[in-house]
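J.: Protein chains in written order, with the numbering used here: chain D, 1 to 282; chain Z, 283 to 569.
Everything labelled a hint here was simulated from the structure, so no lab data went into it.
Idealized CB from N, CA, C, for every residue including glycine.
One or more of the hints may lead you astray.
Restraint ranges, calculated between C-beta atoms of paired labels, are given here [claimed, not checked]:
hint: 1; chain 1: D; residue 1: MET95; chain 2: Z; residue 2: ALA566; range: 34 to 42 Å
hint: 2; chain 1: D; residue 1: GLU117; chain 2: Z; residue 2: ILE331; range: 37 to 45 Å
hint: 3; chain 1: Z; residue 1: ASP363; chain 2: D; residue 2: GLU75; range: 23 to 31 Å
hint: 4; chain 1: Z; residue 1: GLU436; chain 2: D; residue 2: GLN268; range: 48 to 56 Å
hint: 5; chain 1: Z; residue 1: GLY354; chain 2: D; residue 2: GLU222; range: 51 to 59 Å
hint: 6; chain 1: D; residue 1: GLY178; chain 2: Z; residue 2: ASP348; range: 28 to 36 Å
hint: 7; chain 1: D; residue 1: CYS70; chain 2: Z; residue 2: ALA566; range: 49 to 57 Å
hint: 8; chain 1: Z; residue 1: ASN346; chain 2: D; residue 2: THR112; range: 31 to 39 Å
hint: 9; chain 1: Z; residue 1: GLY354; chain 2: D; residue 2: MET95; range: 26 to 34 Å
hint: 10; chain 1: D; residue 1: LYS109; chain 2: Z; residue 2: SER366; range: 24 to 32 Å
hint: 11; chain 1: D; residue 1: GLU247; chain 2: Z; residue 2: GLY354; range: 55 to 63 Å
hint: 12; chain 1: Z; residue 1: PHE530; chain 2: D; residue 2: GLU238; range: 28 to 36 Å
hint: 13; chain 1: Z; residue 1: ASP348; chain 2: D; residue 2: LEU43; range: 53 to 61 Å
hint: 14; chain 1: D; residue 1: GLU157; chain 2: Z; residue 2: SER466; range: 49 to 57 Å
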Amino acid sequence: MIISIASGKGGTGKTTIATNLAISVDTPVQILDCDVEEPNAHLFLRPQMEETRTFTTPVPEVDMEKCTLCGKCGEICQFRAIVVIGETVLPFVEMCHSCGGCMEVCPEKAITETTRELGFVQSGRLNGVEFVHGKLRVGEAMSPPLIKAVRAYARPELLTIIDAPPGTSCPVISAMKGVDFVLLVTEPTPFGLHDLKLAVGAVRILDIPCGLVINRSDMGDEGVLDYAKAENIPVLMEIPFDRKIAEAYSRGDMIVTAMPEMKEKFVQLYHDIAAIAGRSLS
Amino acid sequence: MKEIVIISGKGGTGKTSIVSAFASLAESKVLCDADVDAADLHLIMAPEIKERHNFDAGHTAKINLDQCTQCGLCRELCRWDAISENYGVDGIECEGCGVCWYFCPEKAIEFPLNTCGEWYISHTRFGPMAHARLGIAEENSGKLVALIRGKGKELAEEKGLEYLITDGPPGVGCPVIASIGGASAVLIVAEPTVSGKHDMERVSELAAFFKVPAMLCVNKFDLNPEMGKSIETFAEGKNVKPIGRVSFDPDFTRAMVAGQTIVEFNEQGEACREARTIWENVIANLK
Chain D
1 MIISIASGKG GTGKTTIATN LAISVDTPVQ ILDCDVEEPN AHLFLRPQME
51 ETRTFTTPVP EVDMEKCTLC GKCGEICQFR AIVVIGETVL PFVEMCHSCG
101 GCMEVCPEKA ITETTRELGF VQSGRLNGVE FVHGKLRVGE AMSPPLIKAV
151 RAYARPELLT IIDAPPGTSC PVISAMKGVD FVLLVTEPTP FGLHDLKLAV
201 GAVRILDIPC GLVINRSDMG DEGVLDYAKA ENIPVLMEIP FDRKIAEAYS
251 RGDMIVTAMP EMKEKFVQLY HDIAAIAGRS LS
Chain Z
283 MKEIVIISGK GGTGKTSIVS AFASLAESKV LCDADVDAAD LHLIMAPEIK
333 ERHNFDAGHT AKINLDQCTQ CGLCRELCRW DAISENYGVD GIECEGCGVC
383 WYFCPEKAIE FPLNTCGEWY ISHTRFGPMA HARLGIAEEN SGKLVALIRG
433 KGKELAEEKG LEYLITDGPP GVGCPVIASI GGASAVLIVA EPTVSGKHDM
483 ERVSELAAFF KVPAMLCVNK FDLNPEMGKS IETFAEGKNV KPIGRVSFDP
533 DFTRAMVAGQ TIVEFNEQGE ACREARTIWE NVIANLK
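So that you can see chain D by itself, here it is in the shape it has in the complex:
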């Protein structure tokens, strides 16, 4: 089973829920941190990293000996990533989406592919939990290919927990598409509610069952609860604000370490999710 932890709004507690869930469950588990712009799960789990792989994407390289400056490559490229200027062809590789169109269209076979580094994928483990995250190179705009590379580590025999990035656009979709369940973490404030509605919209486009965790559940108003009820979205966990949790988090400590009594709640959360996702527990 694959569970994606998402939120719409940032800073609502996705990583907290993902990491505490991962170390609490009574089943073989892996965590894939797909917030490749700002991955944080490793700061709490502190896994022993075993492997680092550079992640690259193919980009064009032009052999000017063969090029006749016909301009077809610039014509097919939708991203203005390759243009003929005067007597030369300039690939703007930061803009390239790696579709291969220019290479395919070139009548002289003057274009081949080289690679460009987008970031890296690192994997390791801690206490039996498998850990994978991706880190986007700073200055790099394109996160979805790297997110997909992290997701490629998913193993069907394990429970896979994905820590998704905030928002509702392409990076989030890459972290949610095709999963069995999306757990939405929100806070009961107007910002939390507004962004939750967007996240629910995305989950519904993808047609995935979802449930809600309300974090800092006593700091705000009733809006989120009313919305969940009206939309028939199950509230699976509520965590009241507790300065002890906030301070533990600030130091990089896990909730279940600072407050061991919480572990049972995370186990229950997993069982509730599994029941909704319609899979029997192994």
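Given the structure of chain D, go ahead and fit chain Z onto it with the hints provided.
T.: This is chain Z only, laid out in the frame that chain D set:
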């Protein structure tokens, strides 16, 4: 005209609450919400929309099955596995590269332009505002960010206003890059946590990469003063100027629930005083 962009790396550190405070405190400004993916500033600003425009960007392939001979070339060329065995296009996977459309021997593929959001010019109780809404699951956030900042700049120049205050998105990827290029400065709002520090380090590196001067304020400072100080020390070493601290104060949440800025909600409060100091320091550093 000077543009200050508020960013954070990590989400939920208080960018929009700080921008809202600045909206109350700054005299001559345009507001801009560049977090087009999960825009929240309008919830406090309550904009009255004066202009509404479609945002058209990017294309999606559409196969006309009447003309398709199922030769399979498009499926072979598509690097996104966006075309099914039955020659349906998965609009979410489709990257909009147009390779299938270009090469289809039967010309059976259309490639229409997408409308993927809206942008607005509005009036608020604090002055003019440029903002936008990217459709759910849509691409091209970077283009929309660039567009909306451009509109904010035009507004400021047209009306002779001194500042453009831009609420940026979280992260360090495409929309953030589009938010900070060419800005006068960025203000990084960090929180004193291990993840807040990690993310602040990456976003300050991004600002340096694009050569945009950066300032720092640590929100919820008293939650972990030691971590707060360590973030400030890191910042100073990277030429990012610490210009203030904000205490953890539930008034920020209460103000948000009331649809008010912290200044409107409790002008006598400590949080308001701290926000005022930060805004004064922003102005001083923009000069």
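J.: Against this structure, judge whether each hint is valid.
T.: So, going through the hints one by one against the coordinates:
no. : hint                            : verdict
1   : D:MET95 x Z:ALA566: 34 to 42 Å  : holds (38 Å)
2   : D:GLU117 x Z:ILE331: 37 to 45 Å : holds (43 Å)
3   : Z:ASP363 x D:GLU75: 23 to 31 Å  : holds (25 Å)
4   : Z:GLU436 x D:GLN268: 48 to 56 Å : holds (54 Å)
5   : Z:GLY354 x D:GLU222: 51 to 59 Å : holds (55 Å)
6   : D:GLY178 x Z:ASP348: 28 to 36 Å : holds (30 Å)
7   : D:CYS70 x Z:ALA566: 49 to 57 Å  : holds (56 Å)
8   : Z:ASN346 x D:THR112: 31 to 39 Å : holds (33 Å)
9   : Z:GLY354 x D:MET95: 26 to 34 Å  : holds (29 Å)
10  : D:LYS109 x Z:SER366: 24 to 32 Å : holds (30 Å)
11  : D:GLU247 x Z:GLY354: 55 to 63 Å : holds (59 Å)
12  : Z:PHE530 x D:GLU238: 28 to 36 Å : violated (21 Å)
13  : Z:ASP348 x D:LEU43: 53 to 61 Å  : holds (55 Å)
14  : D:GLU157 x Z:SER466: 49 to 57 Å : holds (53 Å)
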